[in-house]
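Based on the sequences and whatever the hints tell you, model everything.
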Amino acid sequence: MTDEQIAALKEPGSRRRAEVFTAEERAILRFTDLLSSYPGNIDPSDLDALGEHFNEEQIVELVLVIATANWTNRVNDGLQTPLS
Amino acid sequence: MRRSFSRPLWRIAALPFVGYLGQTGVALALGAGQDEGLPWLAVVVVCQGGRDVQIHLIEKDQAGPLVQRLFDALERQSGSVSNFNKMLAHKPDVLRAFNQLSGAIWAEGTLVPKLKELAYLRVSILNGCAY
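As they're listed, the protein sequences go chains A and B. Counted the way our numbering counts, the first sequence spans residues 1 to 84. Counted the way our numbering counts, the second sequence spans residues 1001 to 1131.
If you're looking for bench data, these hints aren't it; they were derived computationally from the structure. Do not take every clue at face value.
Said to hold, decoys possible - Covered by chain B, according to a simulated footprint, are these stretches of chain A (three or more residues, beta-carbon under 8 Å):
no., segment
1, 18-29
2, 67-77
Unchecked claim - Cut-off 20 Å, straight-line C-alpha distance, at most; resulting in silico cross-link-like pairs (DMTMM-like, lysine to aspartate or glutamate):
no., chain 1, residue 1, chain 2, residue 2
3, B, K1114, A, E4
4, B, K1114, A, D77
5, B, K1114, A, D3
6, B, K1091, A, D77
7, B, K1091, B, E1117
8, B, K1091, B, E1075
As the list claims (entries may be wrong) - Which chain A residues face chain B? A few, computed with CB under 8 Å, are given here:
no., residue
9, R15
10, N41
11, S45
12, L47
13, E57
14, L62
15, P82
16, S84
Ideal Cβ placement from N, Cα and C applies to all residues, glycine included.
Rendered as structure tokens:
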């Protein structure tokens, strides 16, 4: 990943994302934000948006990655795991 | 002031308070005196919050055989054992199960690894997590 992409990932909002990420990547980022922040608000149209770029199996894999990443982060934050 | 502390209501209220503070490790100073023939306690409280809890990491030399075996496997896989795994080692079955789950989720599938990593990185940034 380029420095520009990492900088865009850290920025609130998604304006710069259009410049540095592909449509596929932006769809992933949008869904990742929703599932990590407002999981209860996800509705079928959000899956439809992913479906523009990914098949069923890919969407399952993506959701599992996002879910475990959140789990890992919550364990680390909750138990205050020291940084290596 | 002294007089008010000597009232029975104050003493009744103060006793459980002292017990509670003692349990939570809050600093307190006790004074004792005599008023109208009855003992009283003056409590000076410096509130510092709860106990200093730090969940320790399980190191290999403190671990049981299952965790040692799992740590060996993690070392072979990635060169070292992360603090996250040393934390999970408090629950050896969870350490084992999570690493199996994680391995299966990150195993080669249909979504290209670069895109999985993008999602993972974004979650960490969202959570303000430096891990």
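Verification of the hints:
Coverage of the segment 18-29 of chain A by chain B holds. Counting CB-CB distances below 8 Å, 4 residues qualify, and the rule asks for three or more. With 9 residues carrying a beta carbon less than 8 Å from a beta carbon of chain B, the segment 67-77 of chain A meets the three-residue requirement, and the given coverage holds. A hinted pair counts as satisfied when its Cα atoms are at most 20 Å apart, and B/K1114 with A/E4 qualifies at roughly 16 Å. Note on B/K1114 and A/D77: the hinted pairing is violated, with a Cα-Cα distance of about 25 Å set against a maximum of 20 Å.
At roughly 15 Å between alpha-carbon atoms, B/K1114 and A/D3 fall within 20 Å of each other, so this suggested pair holds. Restraint check for B/K1091 and A/D77: the C-alpha separation of about 17 Å stays at or below 20 Å, so the hint holds. The suggested pairing of B/K1091 with B/E1117 is violated, with an alpha-carbon distance near 27 Å, which exceeds 20 Å. Distance hint between B/K1091 and B/E1075 is fulfilled; the C-alpha atoms sit about 19 Å from each other, no more than 20 Å.
For A/R15, the suggested interface contact is broken, since its CB lies about 16 Å from the closest CB of chain B, more than 8 Å. Annotation: A/N41 was flagged as interfacial toward chain B, and the flag is violated, the nearest CB pair being 15 Å apart, outside 8 Å. Look at A/S45: its Cβ only gets to about 19 Å from chain B, farther than 8 Å, so that hint breaks. At its closest, the beta carbon of A/L47 sits 15 Å from a beta carbon of chain B; the interface hint therefore is violated under the 8 Å criterion.
With its C-beta approaching chain B no nearer than about 5 Å, A/E57 sits inside the 8 Å limit, and its interface hint holds. Because the smallest distance between the Cβ of A/L62 and any Cβ of chain B comes to about 6 Å, under 8 Å, the interface hint for this residue holds. Checking A/P82 against chain B by beta carbon gives a least distance of about 6 Å; that is within 8 Å, so the hint holds. Interface hint status for A/S84: upheld, as the beta-carbon distance to the closest one in chain B is roughly 6 Å, under 8 Å.
The earlier numbered hints that this structure contradicts are 4, 7, 9, 10, 11 and 12.
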